[in-house]
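Those protein sequences? They're chains E and B, same order as listed.
If you read the first sequence in numbering that gives the first Met the number 0, its first letter stands for residue 0, the second for the next number, and so on.
If you read the second sequence in numbering that gives the first Met the number 0, its first letter stands for residue 0, the second for the next number, and so on.
Everything labelled a hint here was simulated from the structure, so no lab data went into it.
Note that beta-carbon positions come from the ideal geometry of N, C-alpha and C, so glycine has one too.
Take these hints with a grain of salt, some might be off.
Partial chain E-side listing against chain B, Cβ under 8 Å, derived [as the list claims (entries may be wrong)]:
no.	residue
1	Val6
2	Asp8
3	Ile90
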Amino acid sequence: MPNSVDVDDLRRRLLEAGYVADAGLATALACAVALERAVLLEGDAGVGKTDAARALASVFGAQLLRLQCYEGLDLAAAAYDWNYGKQLLAIRAAEGSHEHTPDLYHDEFLIRRPLLAALGATRPRGIVLLIDEIDRADDEFEAFLLEFLADFAISIPERGTVAASHPPIVVLTSNRTRDLHDALKRRCFYHWIGHPSVEREIEILRLHLPQLAPALAADVARASAALREHELRKAPGISESLDWAQTLQLLGAQRLGADVFERSLGSVLKYPEDIETALASATSIIAAADGGG
Amino acid sequence: MTRSDDEVTTAAGFDRALRARGVVAGTRRARTFAEVLLALPARSASELYWRARAAMLPSIDDLDAFHVAFLEFFGALGDADALRRLVRSVDAPPRRQARDLPQRESIPPAPSDRPADERLAERAPTQWIMASSEHRLTDKAFEDFDESERAAMLRLIARVRVAGEYRTSRRRRAHAHGDRFDFRGTLRGASRTAGELLRRRASRRRERLRPVVFILDVSGSMAPFARALLQYARVTAVARPAVRAFAFATRLTDLTPLLKRAGDERLMSAIASAVRDYGGGTRIGAALRAFNDGFAQRGAARGGTVVILSDGWERDDPALVGTELQRLRRLARRIVWVNPHKRHAAYEPLARGMAAALPYLDAFLSGHSLRTLDAVADAIEGRIA
Numbered sequence: 000m001p002n003s004v005d006v007d008d009l010r011r012r013l014l015e016a017g018y019v020a021d022a023g024l025a026t027a028l029a030c031a032v033a034l035e036r037a038v039l040l041e042g043d044a045g046v047g048k049t050d051a052a053r054a055l056a057s058v059f060g061a062q063l064l065r066l067q068c069y070e071g072l073d074l075a076a077a078a079y080d081w082n083y084g085k086q087l088l089a090i091r092a093a094e095g096s097h098e099h100t101p102d103l104y105h106d107e108f109l110i111r112r113p114l115l116a117a118l119g120a121t122r123p124r125g126i127v128l129l130i131d132e133i134d135r136a137d138d139e140f141e142a143f144l145l146e147f148l149a150d151f152a153i154s155i156p157e158r159g160t161v162a163a164s165h166p167p168i169v170v171l172t173s174n175r176t177r178d179l180h181d182a183l184k185r186r187c188f189y190h191w192i193g194h195p196s197v198e199r200e201i202e203i204l205r206l207h208l209p210q211l212a213p214a215l216a217a218d219v220a221r222a223s224a225a226l227r228e229h230e231l232r233k234a235p236g237i238s239e240s241l242d243w244a245q246t247l248q249l250l251g252a253q254r255l256g257a258d259v260f261e262r263s264l265g266s267v268l269k270y271p272e273d274i275e276t277a278l279a280s281a282t283s284i285i286a287a288a289d290g291g292g
Numbered sequence: 000m001t002r003s004d005d006e007v008t009t010a011a012g013f014d015r016a017l018r019a020r021g022v023v024a025g026t027r028r029a030r031t032f033a034e035v036l037l038a039l040p041a042r043s044a045s046e047l048y049w050r051a052r053a054a055m056l057p058s059i060d061d062l063d064a065f066h067v068a069f070l071e072f073f074g075a076l077g078d079a080d081a082l083r084r085l086v087r088s089v090d091a092p093p094r095r096q097a098r099d100l101p102q103r104e105s106i107p108p109a110p111s112d113r114p115a116d117e118r119l120a121e122r123a124p125t126q127w128i129m130a131s132s133e134h135r136l137t138d139k140a141f142e143d144f145d146e147s148e149r150a151a152m153l154r155l156i157a158r159v160r161v162a163g164e165y166r167t168s169r170r171r172r173a174h175a176h177g178d179r180f181d182f183r184g185t186l187r188g189a190s191r192t193a194g195e196l197l198r199r200r201a202s203r204r205r206e207r208l209r210p211v212v213f214i215l216d217v218s219g220s221m222a223p224f225a226r227a228l229l230q231y232a233r234v235t236a237v238a239r240p241a242v243r244a245f246a247f248a249t250r251l252t253d254l255t256p257l258l259k260r261a262g263d264e265r266l267m268s269a270i271a272s273a274v275r276d277y278g279g280g281t282r283i284g285a286a287l288r289a290f291n292d293g294f295a296q297r298g299a300a301r302g303g304t305v306v307i308l309s310d311g312w313e314r315d316d317p318a319l320v321g322t323e324l325q326r327l328r329r330l331a332r333r334i335v336w337v338n339p340h341k342r343h344a345a346y347e348p349l350a351r352g353m354a355a356a357l358p359y360l361d362a363f364l365s366g367h368s369l370r371t372l373d374a375v376a377d378a379i380e381g382r383i384a
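Next comes chain E alone, as it looks inside the complex (with noise of 0.2 Å):
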């Protein structure tokens, strides 16, 4: 296959791009790349659903165009819509020289919005289609989608059908609000973004904070983990790991200690009870930060 994307290859381009990927999700996205299909993420709030498809445009150079979804999403905020200011002033103009009714549907009326952009892509993998928060869309909208997915092509009345040449990345992001349709779910890829292991958590602070002691950011990665033990409302995800350990920075902390501890929760924990349940065990969670020494 001309397409082909070695996974190892991959994931090591993205670590390189800034993003730690295991094996499941490097995986994942190589099959949405090498099969030009698009790859569903879920997984909780904060663990970096978002930055995936950011990571994976920077490592194929491509164009990241972002869609946040929300209720009531139409063609008019997705795909496209007319300048009807400067149709009307068209109209006009034609009136003033009576000319002939100007072409009203010409590309100079056309504003692309995410979708129709997207399939405007000039040579293969040039851009990223980051589709966010799919659930928080109707079912109108996912209805739409599946077209969209099928053909990437989107069908304008006024101007017919505008196919992409070279179909973008597509990455669907999901927080698991509703379900999806099975109808959307059996055209992606799928992959849950799981909390990281404590390692991969250590890696990936340090990554993105390149001045944060070590030690801080292996006592924030096991405090983190220790609080992910614990029954709450909001388990802390990667962003709020890496709010943290910048909050501690900040604070001027060499390692999480007592002192910092109550300090720095509300960068962290973002429930009154769930602050109240980690003060409740505070000893504990700052052994485990302290754990492997």
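Model the placement of chain B on the given structure of chain E, informed by the hints.
Below, chain B alone, put in the same frame as chain E:
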């Protein structure tokens, strides 16, 4: 046999193995899997595993069954031990369906250990009436309802179909008297009249049905009422897109996937498995917590009504019921509690879980008969007597 035949045979065979384990991946995924194996040949067990998973796993909830099928199918072809080690090394993600609730250390009191006066206040006055009506509902299948009951059931179905609580959606549709001017439509119309803007077009907001969630206690004496309410949930699910149902005794089971598709038999066996570990006493607080953590906080109940069926007998700490309901109140629009014991004139909410729940309820109903289910329907729509 050509090379691509091998991949296709493998993918199709694995699809069948998955199906045998209850995971419906489908032909499209199987074809994709074959294409993956051709494009990115697997050189090791681990590579094979991740390729299979990316292409064939429909949802993280299916992971356990996927692992079983993977071991069965590929284990038979090669080194089964290596595969087993591999599968074991994969971190189990958080389960969503049928998640186990945390076990408590304390030994739950047997039902007979409950304070005698509490039990009497709730059950004694009209115990024989309850026993007989329970009996009738338990032993009789829905097709065996007598004429008056069946008519009421049909009335109820008709009512649910037409009624329903709406909210305004973010989506718009064309409407002659809409509140927003439709620029695109107007211009399109104008191109037919030589650019003259003759007809104003407009749009207005669409309306959407609000979600309804049923959380049903299926343990012991609640089982017959749960069955009736579940039937009601199924009827509702036909008319509304966003209906979910859960069963709990000591753990929470999501019945939603079975609501629209499954026959009575599968639904009942799902309930039976939810009750399997029932050992006298329910864990309402823990079930509500599992619902809040796994569903409500992700938005399953947002803007909707949650209907809870339970008698409020909490095996563990009743304070947890209050805490979790308080949380649910912030996540849902309305909470309706159905307790069949409430129909007795002498009923007082003495069950400690029930007492803890009362401050957070929008409606507290008996819902024990078809007639009183009407009131439940009213409460779901916000018409509360």
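Comparing the hints with the structure gives:
1. Val6: holds, 7 Å
2. Asp8: The hint is violated - E:Asp8 has no Cβ within 8 Å of chain B, the shortest such distance being about 11 Å.
3. Ile90: With Cβ-Cβ at 4 Å, under 8 Å, it holds.
Consistency note: the structure conflicts with earlier hint 2 alone.
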